[in-house]
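J.: Sequence:
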Amino acid sequence: MNKTITLLQAPLILALLLNSAFAWAYGSGGGGTASCAEAKFYDESPVRNSELKSVSEIALVASDNTEISSLELNVNGNPVKPETTQRRSGEWDLKVKLSQPITQPGKVRVTVAAKSKEGCSTFFPYFLVVKP
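Number 860 in the working numbering belongs to position 73 of the sequence shown; there are no gaps in the numbering.
Since the hints were derived computationally from the structure, they do not count as laboratory data. Hints may contain errors.
As the list claims (entries may be wrong) - Now the in silico label distances, taken between C-beta atoms and shown as ranges:
{"id": "1", "residue 1": "GLU859", "residue 2": "ASP830", "range": "33 to 41 Å"}
{"id": "2", "residue 1": "LYS884", "residue 2": "TYR829", "range": "16 to 24 Å"}
{"id": "3", "residue 1": "SER886", "residue 2": "SER822", "range": "37 to 45 Å"}
{"id": "4", "residue 1": "GLN887", "residue 2": "SER822", "range": "19 to 27 Å"}
{"id": "5", "residue 1": "SER876", "residue 2": "THR898", "range": "21 to 29 Å"}
{"id": "6", "residue 1": "CYS907", "residue 2": "SER843", "range": "28 to 36 Å"}
{"id": "7", "residue 1": "ASN836", "residue 2": "PRO888", "range": "14 to 22 Å"}
{"id": "8", "residue 1": "GLU859", "residue 2": "LYS894", "range": "13 to 21 Å"}
{"id": "9", "residue 1": "CYS823", "residue 2": "PRO892", "range": "37 to 45 Å"}
{"id": "10", "residue 1": "VAL834", "residue 2": "GLY864", "range": "30 to 38 Å"}
{"id": "11", "residue 1": "PHE910", "residue 2": "SER837", "range": "18 to 26 Å"}
{"id": "12", "residue 1": "SER822", "residue 2": "ILE855", "range": "21 to 29 Å"}
{"id": "13", "residue 1": "ALA900", "residue 2": "GLY877", "range": "31 to 39 Å"}
Glycine included, C-beta positions come from ideal geometry on N, C-alpha and C.
Please model the entire structure based on the sequences and the hints provided.
T.: Next comes the structure, spelled out in structure tokens:
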């Protein structure tokens with residue numbers, strides 16, 4: 788009878804061992820997807836939520852893992868093409884000079900979208916405020 792129990796337990800033990808081995812291979816069962824490093828945007832100028840008389844130039848920095856060809860920058864929903872300069876560190880300086888300054892009172896919405904070199908999408912919105 789002991790042999791029968793051992794023979795019945797063997798497939799169960801084998802299944803448990805295989806299951807735990809696969810879970811370990813995928814990061815302790817946290818899912819089979821790898822993490823992806825997103826592009827980051829920072830050092831915006833003017834600083835977010837700044838109160839200004841007008842907006843004529845915008846600048847910010849993109850992280851070194853930004854796929855610069857995927858970059859989309861919009862001001863109040865209108866696409867603008869930034870001047871891009873790569874630093875020695877690999878980061879990107881992004882500068883936009885608007886064809887017409889924005890002087891109408893209200894919020895100015897700036898959005899930046901891009902993919903990282905790993906293929907992750909990033910969306911970075913912020914506001915500026917025009918006050919007379």
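J.: Work down the list of hints and note, for each, if the structure agrees.
T.: Here's how the hints hold up against the structure:
Look at GLU859 against ASP830: about 19 Å separates their beta carbons, and that is not inside 33 to 41 Å. Taken as a hint, the range 16 to 24 Å holds for the pair LYS884 and TYR829, whose Cβ atoms sit roughly 20 Å apart. For SER886 and SER822, the Cβ-Cβ distance of about 40 Å falls inside the hinted range of 37 to 45 Å, so the restraint holds. Checked against the hint of 19 to 27 Å, the pair GLN887 and SER822 fails, with Cβ atoms roughly 42 Å apart.
Between SER876 and THR898 the CB atoms are about 25 Å apart, so this pair conforms to the stated range of 21 to 29 Å. Checked against the given bound of 28 to 36 Å, the beta carbons of CYS907 and SER843, roughly 32 Å apart, stay inside it. At about 19 Å, the beta-carbon gap between ASN836 and PRO888 stays in the expected band of 14 to 22 Å. Between GLU859 and LYS894 the beta carbons are some 20 Å apart, a value that agrees with the proposed interval 13 to 21 Å.
The hinted range of 37 to 45 Å is satisfied by CYS823 and PRO892, whose Cβ atoms lie roughly 40 Å apart. A hinted range of 30 to 38 Å for the beta carbons of VAL834 and GLY864 is inconsistent with their spacing of about 21 Å. The hint said 18 to 26 Å for the Cβ distance between PHE910 and SER837, and at roughly 21 Å that hint holds. One distance hint, 21 to 29 Å for the beta-carbon pair SER822 and ILE855, holds here, with the actual separation near 22 Å.
One distance hint, 31 to 39 Å for the beta-carbon pair ALA900 and GLY877, is violated here, with the actual separation near 20 Å.
Figure legend: structure checked against the earlier numbered hints; hints not met, in rising order: 1, 4, 10 and 13.
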